[in-house]
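Following the hints, position chain S against chain Y.
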Amino acid sequence: MPTITYHQPSGERTTLEVAEGATVMRTAVTNGVPGIVGECGGQAMCATCHVYVRGDVALPERSEDEDEMLDCTSSERTDASRLGCQIAVGGGLDSLEVDVPASQV
Amino acid sequence: MSIASHDTASTPLPHPSSAQDAAAEPGREAPIADWVTIEDLDRDPFPIYARMRAEAPVHWVPAINRYMVVGFDACHEVEQDADRFSADEEGSLMKRSMGHSMLRKDDPEHQIDRASYGSTLRPATIKNVWMEIFAKNHRTWMDHLLAAGPGADFVWDYAAPYTADNLRLIMGFHSATQEDMQRWSQTLINGTGNYADDPEVWAQAERSSAEVDAAIDEMIPYLLRHPDASLLSGLASMPIPMEAIRANLKMTIGGGLNEPRDVLATTVWALLNRPEQLAAVQADPSLWGAAFEESVRWVAPIGMYPRQVTQATVLDGIRLPAGAHLGIVLGAANRDASRWDNAEEYDLLRPKQAHLAFGGGQHFCAGTWIARAQVAQVSLPAVFAELPGLRLAPPEASVDKGWVFRGMTQMPVAW
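Protein sequences appear in the order of chains Y and S.
Read the first sequence against our numbering and you will find it ends at 111, with the numbers running on by one and no gaps.
Read the second sequence against our numbering and you will find it ends at 420, with the numbers running on by one and no gaps.
Chain Y extracted, bound-state conformation (with noise of 0.2 Å):
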């Protein structure tokens, strides 16, 4: 099964196993990991689920709706940040790891 791996801004780890397609956001979300909001529900509208992907993985391009809401985010916007609604496991690409930000509003 692909897995998506949480670091906390405290260092803490958290690794889950998710069914193919799950995107970052829904899962945490789902399973309770800390520092990840999702209000809108993955409309890519409300930027409250920033993330820092780790390592040079394959990801679709940021649509144009998913790159000006990363202008909105609450922690400062790098190279690697993306909208956690937006980017999923599977297809070839079975394990994603990512930074949570320090706040989210």
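Simulated from the structure, these hints should not be mistaken for laboratory data.
A hint or two may mislead.
[As the list claims (entries may be wrong)] Calculated Cβ distances over 10 Å to all of chain S for the following chain Y residues: (1) T9; (2) S16; (3) R19; (4) V39; (5) G47; (6) Q49; (7) G61; (8) V63; (9) R83; (10) T84; (11) D85; (12) A86; (13) L99; (14) D105; (15) P107.
[What the hints assert, rightly or not] What follows is a list of derived Cβ distance ranges for each label pair: (16) S/E34 - Y/G27: 33 to 43 Å; (17) S/A215 - Y/G61: 52 to 62 Å; (18) Y/T36 - S/L151: 46 to 56 Å; (19) Y/S16 - S/S343: 21 to 31 Å; (20) S/P113 - Y/G61: 32 to 42 Å.
A virtual CB, placed ideally from N, CA and C, is assigned to each residue, including glycine.
What follows is chain S alone, placed relative to chain Y:
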């Protein structure tokens, strides 16, 4: 928002009595809050919400003929689970007043309508188009307030016309006035909350509905020739049924004017009553965002909206029968003491935490970024910079009112 009637007048709908269901779904019956009255809620709902939350996260409330969901966790659970809690409420007064808008649809139907709004309300368009228009409208209505002189009403001489003019241009109603927008908004909202079935309220809502339809029909040919960034311009060339366009635009008139108006006035009122917090935000302008977010947490402009239970279920320990009508009371969830210290207080310096004022899940407010921009980025900093001596005149003349919608209804100021 809409309070629909259903068959049982004053008692909870009977719970399905299957023993198997009961075994599979533990939980207790909702307490009956027969002590809650609409008059008390309208004046000051917060002590009522505090008493309800202390007892249970969900109550049956005979006065409004539905369950009220008042706990933060329970409200959040409803918002994130559209399969169990449908927005497509039977007997919705909102549907009667405004038509069947996206706010009363579930996915996938909802998503088609939502997508039809395109990029108009999104941050890039706000930055590239609307910010300049908000600044211009602020100038117009600040000058109007200044001309009215001390004793003018902050709500009616500034906040209402400013937000109405902004919405007019965002929506593309170039042939209408800001006064038209205010009248349409209020009368359509009044229809949405017409539990008393007052024929005069329906007559006014129908008149406004017809005026909005006429304005849409007038503007579409113009906007096809002169496209702009407005909602109506984007919708003009989209394969969406006209009926849905009309309903969605009426919902947006009701949801895009009173709310930014109310958060603007409520925030100014909160700060004028708390000079030390006003001084803090004036010393550090990066706090205007926090002043805004704390304001919508403290007094959510939309205090309650409806949902309907699709299957017998248990919500945060309370059993709900299939078909039950719920009021999701954001105004109560946002003051849940299990989530916020001193939840009843306005404190813009409190630790940041997500609130529910914009709703959540698929119906997360589409106008969130527009509201933040026009209120927290443009208006609030400008108002206090231009009127350093702004004060309530006198403080006891200000009136805050309402529960389904709550805001300042009167707020005389001087400077």
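Status of the hints after comparison with the structure:
1. Every beta carbon of chain S lies more than 10 Å from that of Y/T9, the smallest distance being close to 23 Å; the non-interface claim holds.
2. The beta carbon of Y/S16 sits about 16 Å from the closest Cβ of chain S, which is more than 10 Å, so the claim that it is off the interface holds.
3. No Cβ of chain S comes within 10 Å of the Cβ of Y/R19; the nearest lies about 23 Å off, and the non-interface call holds.
4. No Cβ of chain S comes within 10 Å of the Cβ of Y/V39; the nearest lies about 15 Å off, and the non-interface call holds.
5. For Y/G47, the condition that its CB be more than 10 Å from all CB atoms of chain S is violated, with the nearest at approximately 4 Å.
6. Some Cβ of chain S comes within 10 Å of the Cβ of Y/Q49; the nearest lies about 7 Å off, and the non-interface call is violated.
7. The Cβ of Y/G61 sits about 28 Å from the closest Cβ of chain S, beyond the 10 Å cut-off, so the non-interface label holds.
8. Every beta carbon of chain S lies more than 10 Å from that of Y/V63, the smallest distance being close to 26 Å; the non-interface claim holds.
9. No beta-carbon of chain S is positioned within 10 Å of the beta-carbon of Y/R83; the least distance is around 13 Å.
10. For Y/T84, the condition that its CB be more than 10 Å from all CB atoms of chain S holds, with the nearest at approximately 18 Å.
11. At roughly 19 Å, the least C-beta separation between Y/D85 and chain S is larger than 10 Å, which holds for a residue marked as non-interface.
12. Remark: the non-interface label on Y/A86 is consistent with the geometry, its nearest Cβ contact in chain S lying 20 Å away (cut-off 10 Å).
13. The claim that Y/L99 is not at the interface with chain S holds, since no C-beta of that chain comes within 10 Å of its own (minimum 25 Å).
14. At the 10 Å boundary, the C-beta of Y/D105 stays outside the reach of chain S, the nearest C-beta of that chain being 19 Å off.
15. Taking the minimum C-beta to C-beta distance to chain S, about 12 Å, the non-interface status of Y/P107 holds against the 10 Å cut.
16. The hinted window of 33 to 43 Å between S/E34 and Y/G27 holds, with their beta carbons roughly 39 Å apart.
17. A hinted range of 52 to 62 Å holds for the C-beta pair S/A215 and Y/G61, which are about 59 Å apart.
18. Checking the proposed 46 to 56 Å range against Y/T36 and S/L151 shows it holds: the Cβ atoms sit about 53 Å from each other.
19. Between Y/S16 and S/S343 the CB atoms are about 23 Å apart, so this pair conforms to the stated range of 21 to 31 Å.
20. Evaluation of the 32 to 42 Å hint for S/P113 and Y/G61 yields a pass: the beta carbon distance comes to about 35 Å.
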